[in-house]
Amino acid sequence: MDTVQQPKEHIDVTGVNVIEARGLKKDRVSSFLLKRSPILDDLSLTVREGETYGLLGPNGAGKTTTVKILVGLIKPDSGDALVLGQKAGEPEALKQIGFLPENPYFYSHLTGYEFLEFIGQLFALKKKELKERMAELLELVGMTADANQPMRKYSKGMLQRLGIAQSLINNPKVIFWDEPMSGLDPIGRRDVRKILERLKSEGKTIFFNSHLLPDVSDVCDRVGVLVKGKLVAEDSIKDIERGGGYKDLEEYFLTKVGG
Amino acid sequence: MVSSVINPVIAIAINTFRETVRDRVLYAFFVFACSITVLGILLGSLSVGQDIRIIEDLGLTVIAIIGGIISVFAGTNLVYKELERRTIYVIFTKPVSSWQFITGKYLGLVMCIFVVVLAMGVFLLGLIWMVDPTHHMQLHIGSIIASLALVFLELLFVLALATFFSTFSTPIMSVIFTLSLWFIGHLGGSLLDLSKMSSNPAAQQLLTALYWCLPDLAQLTRVRSVLMYGKEPSQEIIIFMLAYVFAFIFFLLGLASLVNERREFP
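Top to bottom, those sequences are chains A and B.
Residues in the first sequence are numbered from 1 upward in steps of one, following our numbering.
Residues in the second sequence are numbered from 260 upward in steps of one, following our numbering.
Read the hints as simulated data drawn from the structure, not as lab findings.
The structure displayed is predicted, hence computed values, not measured ones.
Watch out, some of these pointers could steer you wrong.
[What the hints assert, rightly or not] In silico lysine to aspartate or glutamate, EDC-like type, Cα no more than 16 Å apart, as pairs: (1) A:K75 to B:D391; (2) A:K194 to A:D218; (3) A:K131 to A:E117; (4) A:K194 to A:E139; (5) A:K173 to A:E20; (6) A:K75 to B:E523.
[Claimed, not checked] Per the computed footprint, the stretches of chain B lying under chain A, defined by three or more beta-carbons under 8 Å from a beta-carbon of chain A, are: (7) 294-300; (8) 340-350; (9) 475-483.
Even for Gly, the Cβ is constructed at its ideal location relative to N, Cα and C.
Build out the structure end to end from the sequences listed, making use of the hints.
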């Protein structure tokens with residue numbers, strides 16, 4: 001077990017670093033008194049190629065903010081965020097990543113099929129390639145039969161499945177999923193786990209946030225625990241389960257967050 | 260290479276167009292506009308031999324007003340709706356730049372307004388054909404198409420204004436800003452007249468500076484009045500008017516892209 005108060009160096013000399021966050025700081029500024037409160041406080045982490053990394057933490061710990069910085073939706077106040085060697089949010093990085101936001105809700109006026117087509121066109125995919133990719137992904141997420149239904153008729157689970165499909169349309173090298181299993185029933189969670197395992201076997205680098213610790217423990221190689229914007233611990237699942245002296249990931253997590 | 264720049268713009272434009280034309284409110288506006296235009300038959304029957312003229316004037320006014328309402332409301336909701344639905348997270352995590360997003364959104368609404376103006380114009384022409392006992396459409400078609408083109412040009416400008424405000428303001432504030440600037444645009448010439456009348460040099464400079472900063476839509480009004488009397492406006496006026504409106508649209512969309520570029524989506 002390797003517990004750290006503020007990890008500074010996680011670089012594995014043998015692996016290629018795909019995601020790198022160095023000293024990320026982000027404050028929330030209140031709109032009235034312009035009072036600043038930290039969301040992220042000197043966060044540094046590294047994810048290597050082909051690794052599945054789970055970022056854990058209680059509500060309000062800064063997990064979603066971290067992902068949003070890594071996909072370029074928000075800019076850090078200080079520090080660097082690099083994805084595939086590019087600054088987070090740069091077009092070259094965005095071409096090679098897939099992102100699933102938390103609680104996705106898409107366009108109610110489109111059918112699932114039209115939505116996937118729209119996302120594919122944002123990547124300027126060729127028609128034939130896009131069609132094949134869409135058929136493949138709809139099959140993967142089990143949405144082939146419902147693809148021609150308007151999205152306003154979709155359940156939360158169906159939206160989540162379609163969200164997963166859209167995040168994979170460009171066959172990304174790096175995948176960012178924010179709470180991919182939230183709101184899903186046990187069957188949905190099992191299906192997402194299977195998709196994660198398949199992506200893992202294809203050598204994708206996966207970064208995701210989740211509260212559902214058994215699922216994290218099943219698919220992740222390494223986890224980091226974020227509390228009040230600080231990375232308080234980071235370990236491999238193997239270390240936690242074998243030599244860490246913890247019963248399971250839940251015990252590890254509760255110990256680290258002081259719960 | 261070109262397709263990677265153009266395809267996202269086209270995709271966003273088609274998506275915006277689909278979203279607007281699949282909204283039932285648009286059809287309610289269309290039915291309402293057609294009903295008022297039909298009322299022109301009743302008003303026309305009260306006049307002496309001017310019934311077609313009245314239908315024409317009323318129809319064109321209704322197209323301008325309803326087109327304006329749709330432009331203002333659809334335009335000001337442009338970015339806000341994407342934020343509210345959180346669909347903006349999906350778009351800006353794809354290789355889509357700010358200018359591609361703004362241009363696509365604007366073009367989608369332009370397509371929608373074009374369809375609305377065209378459909379209402381066809382309805383108006385059909386109504387005139389029915390009422391005119393001689394059925395001589397060639398007498399009306401030229402002036403109506405010219406007037407519709409003018410309305411469309413003005414709506415392009417209103418859409419650009421609404422798009423610009425939607426990038427940094429709430430829909431209600433954007434509606435207020437857009438309507439105010441649209442209204443002021445028609446009074447732009449008065450600012451210049453006022454600055455000439457003023458004896459205070461500071462006031463003169465301030466009013467002239469304001470005139471140059473604010474849009475001036477007086478040219479559109481002038482061309483409209485020329486068309487009203489069945490005359491053709493000169494080519495120079497048309498070229499100047501087109502250049503002015505399109506320069507303003509490019510300026511507003513450029514500014515909107517810059518504002519959007521600096522935005523964060525927490």
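Going through the hints against the structure:
For a cut-off of 16 Å, the pair hint linking K75 (chain A) to D391 (chain B) is broken: about 64 Å separates their Cα positions. Taking the CA atoms of K194 (chain A) and D218 (chain A), the gap is about 10 Å. The hint holds against a cut of 16 Å. A hinted pair counts as satisfied when its Cα atoms are at most 16 Å apart, and K131 (chain A) with E117 (chain A) qualifies at roughly 8 Å. As the CA atoms of K194 (chain A) and E139 (chain A) are separated by approximately 13 Å, the hinted pair is consistent with the 16 Å bound.
Of the supplied pair hints, the one linking K173 (chain A) and E20 (chain A) holds, its CA atoms being roughly 15 Å apart against a limit of 16 Å. Restraint check for K75 (chain A) and E523 (chain B): the C-alpha separation of about 7 Å stays at or below 16 Å, so the hint holds. Check result for the segment 294-300 of chain B against chain A: violated, 0 residues qualifying (beta carbon to beta carbon below 8 Å, three or more required). Using a Cβ-Cβ cut-off of 8 Å, 6 residues of the segment 340-350 of chain B lie near chain A, which meets the minimum of three, so the contact claim holds.
Restraint check on the segment 475-483 of chain B versus chain A: 0 residues with Cβ-Cβ distances below 8 Å, three needed, restraint violated.
Violated hints for the displayed structure, listed by number in ascending order: 1, 7 and 9.
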